[in-house]
Amino acid sequence: MAYLELNNIYKTYGQGENTTDVLSNINLSIEEGEFVAIVGFTGSGKTTLVNLINGLIEPTKGEVLFKGLPVQGTSHERGVIFQNYSLLPWLTVGQNVYMAVKEAFPKKSKKELNTIVADYVDMVSLTPAINKRPKELSGGMRQRVAVARALSMKPEMIIMDEPLGALDALTRGNLQDEILNIWGKDKRTALLITNDVDEGIYMADRIIPLRPGPNATLGPEFKIDIERPRDKTEMNDNANFKETRNAIIEYLMDIGDERKSEAKAEFVLPDLSPKDFVNQFK
Amino acid sequence: MKQSITLGKVTKFMGLGVLSALKDLFTGKLEKKDFKTFLRKGVVPLASILLFIGLWHMGSTSLYNIEAEFKIEKALNDQGPEAADALRTCMASGDSSCQPNTLPSPSQVWESYKSLLRDHNIISADKAAFIEKTADLNEKRIADGKDAITYTGRPSFVDQIFRSLQTVFAGFLLALFIAVPLGIFIGLSPTIKSAFNWFIQIFKPVSPVVWYLLVFMIVKTLLIDSNEDSSFTISFISVGLCSMWATLVNTAMGVSSVDKDFINVAKVLKLGNFQKIFKVVLPSSLPLIFTGLKITLSVAWMVLIAIELLAQSPGLGLFVWEEFQNGANDSNAKIIVAMFVIGIIGFLLDRLMLTIQNWVSFDKTDAI
Chain A
1 MAYLELNNIY KTYGQGENTT DVLSNINLSI EEGEFVAIVG FTGSGKTTLV NLINGLIEPT
61 KGEVLFKGLP VQGTSHERGV IFQNYSLLPW LTVGQNVYMA VKEAFPKKSK KELNTIVADY
121 VDMVSLTPAI NKRPKELSGG MRQRVAVARA LSMKPEMIIM DEPLGALDAL TRGNLQDEIL
181 NIWGKDKRTA LLITNDVDEG IYMADRIIPL RPGPNATLGP EFKIDIERPR DKTEMNDNAN
241 FKETRNAIIE YLMDIGDERK SEAKAEFVLP DLSPKDFVNQ FK
Chain B
1 MKQSITLGKV TKFMGLGVLS ALKDLFTGKL EKKDFKTFLR KGVVPLASIL LFIGLWHMGS
61 TSLYNIEAEF KIEKALNDQG PEAADALRTC MASGDSSCQP NTLPSPSQVW ESYKSLLRDH
121 NIISADKAAF IEKTADLNEK RIADGKDAIT YTGRPSFVDQ IFRSLQTVFA GFLLALFIAV
181 PLGIFIGLSP TIKSAFNWFI QIFKPVSPVV WYLLVFMIVK TLLIDSNEDS SFTISFISVG
241 LCSMWATLVN TAMGVSSVDK DFINVAKVLK LGNFQKIFKV VLPSSLPLIF TGLKITLSVA
301 WMVLIAIELL AQSPGLGLFV WEEFQNGAND SNAKIIVAMF VIGIIGFLLD RLMLTIQNWV
361 SFDKTDAI
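One line per chain: the protein sequences are A and B, in this order. The first sequence lines up with residues 1 to 282 when you count with the numbering used here. The second sequence lines up with residues 1 to 368 when you count with the numbering used here.
No lab work stands behind these hints: they were computed from the structure. Heads up, the beta-carbon is just placed ideally off N, CA and C, and yes, glycines get one too. Check the hints yourself; a few may be wrong.
Beta-carbon label-pair distances, calculated as ranges [said to hold, decoys possible]:
| hint | chain 1 | residue 1 | chain 2 | residue 2 | range |
| --- | --- | --- | --- | --- | --- |
| 1 | A | T42 | B | F278 | 32 to 38 Å |
| 2 | B | F274 | A | N7 | 32 to 38 Å |
| 3 | A | T20 | B | P190 | 20 to 26 Å |
| 4 | A | T20 | B | N273 | 29 to 35 Å |
| 5 | B | F278 | A | E136 | 21 to 27 Å |
| 6 | A | N246 | B | K260 | 37 to 43 Å |
| 7 | A | E243 | B | F278 | 51 to 57 Å |
| 8 | B | R40 | A | T127 | 43 to 49 Å |
| 9 | A | E17 | B | F177 | 43 to 49 Å |
| 10 | B | L173 | A | P106 | 31 to 37 Å |
| 11 | B | A135 | A | E136 | 54 to 60 Å |
| 12 | A | T42 | B | K260 | 17 to 23 Å |
| 13 | A | E17 | B | K260 | 23 to 29 Å |
Looking at chain A on its own, in the form it has when it is part of the complex (with noise of 0.2 Å):
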């Protein structure tokens, strides 16, 4: 049994005519332990997708198995990174940390808690701003908050929404390297659900492509066989990733050329003529 299960899950938005179905026939399974990252374009229910899974929304038809178990809304097992971060403005980092460590951890004493949010602020190299509020640090720091909040929890998996896509590229490989440390350290089980393939290639076990939606479905897998820890430069010249990088890409694109003809239906137009005004008013 997999870890996590994803059975023909379709999503549907609205009611009546007004309905847009943005998943259909979503099939996914996670071991224990892997580290599975979804590519997709920006809007094809990637968002939709990771709030299934993590139990803010429910699926249309369809179930998500969670350890053999329907996820009933969140739970502590299962913690998230946003796309926008989403700390609470008007706390500091420690403020922000603390409020979900003591949440997951509601037994400990003050003290237990303190600990745990110095450790996993220090984990994200933050302990100089723990006391800064979240509009006084970068994109890239907010970012590491988000990320030492979701960790403090302990969670068994962490489900990351585009967690980078909106940091520069510098950054970004910096956390990347962050992250694939802490998730290397305890082998938790991770999605990743990015629009950016190389980072894909680079931090997970399995690829997997999101067709588009409206009616966004699942495409083929790509298994990554590159040893870790993996090298950025040294991946650049490996045979196997080049191939990799190249099939994902050229599926990616094969999906958006089929969209664009797609979008070339015919739109019929009523068959109208100007009213005749001139012999209206004779």
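Please arrange chain B on chain A, whose structure you already have, making use of the hints.
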């Protein structure tokens, strides 16, 4: 990092930039590039104040002349030329018994202001003397278990101001304690919202006078056994009920429109309801709540005058009404003094709320 608090920072924080512009002028720190800003922020307001006083003076002079001519004409028609001449000389001599009753000039208002202050000094001296005189007697009376003798003389203008401030703050606190919790409940639950919506929509536009009458009907009966003067209770409750709507509506809106991201965070962290409200919903709606409170305080101050006047509760409203009824020579000038005092205090209260709002809200750019 050491943070120093300078006059400039404080005044800017409170929205009183003109003060720091004036300070720069006097300390000679004004640089050429700041000159335009100084002109705009310092000179222009000053010039417009002078222009205002000038126009006021001209207006009051012409009103005085219209009134005087009318009176003399009337005397001439009714009582003959001698009476008219007598009236004219009387007016020219500045005798207070025959002055035309119209809009007072700026200088008259300034004189009245000074006389009100003198009056205050006399009354407070009198009060201090009274307290000193009765100190021993009061000690004895309290020892015997009797009530102390209190000063029952007429309140001065300054006393009236403080009395009005007391009423407005009591009303404001009442509004705060009713509107904020109720607003939170309405914002959180659509059921409560639909239960209260008609109530808010109907009672929000009701005039202060009607609120006063309603409160009067209820409080009068409730305090039927008490010999105490209920006018203060009635007026502060009316002020609170009139002014609470802005806070109620803003709180409800702030609470119901919390950023979805924050709600998602609360869900993912699995915060309990109590935690969710106090750690996420309330902090994120604080800016809107404070905008509401700011409006509430200024509305409270505005309706206070009318309500004090109706309730005969001591304060600026009653002062204005009594001066109007009094019809003494300087009554009109005193009313204008009260008008300026009311305006300036209202402005200061607004700044006070803005300062608190800037201080508590997490995003300083939100403050208006």
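> Which hint numbers does the structure go against, in order from smallest to largest?
Replying inline: Of the numbered hints given earlier, the structure breaks none, since each of them holds.
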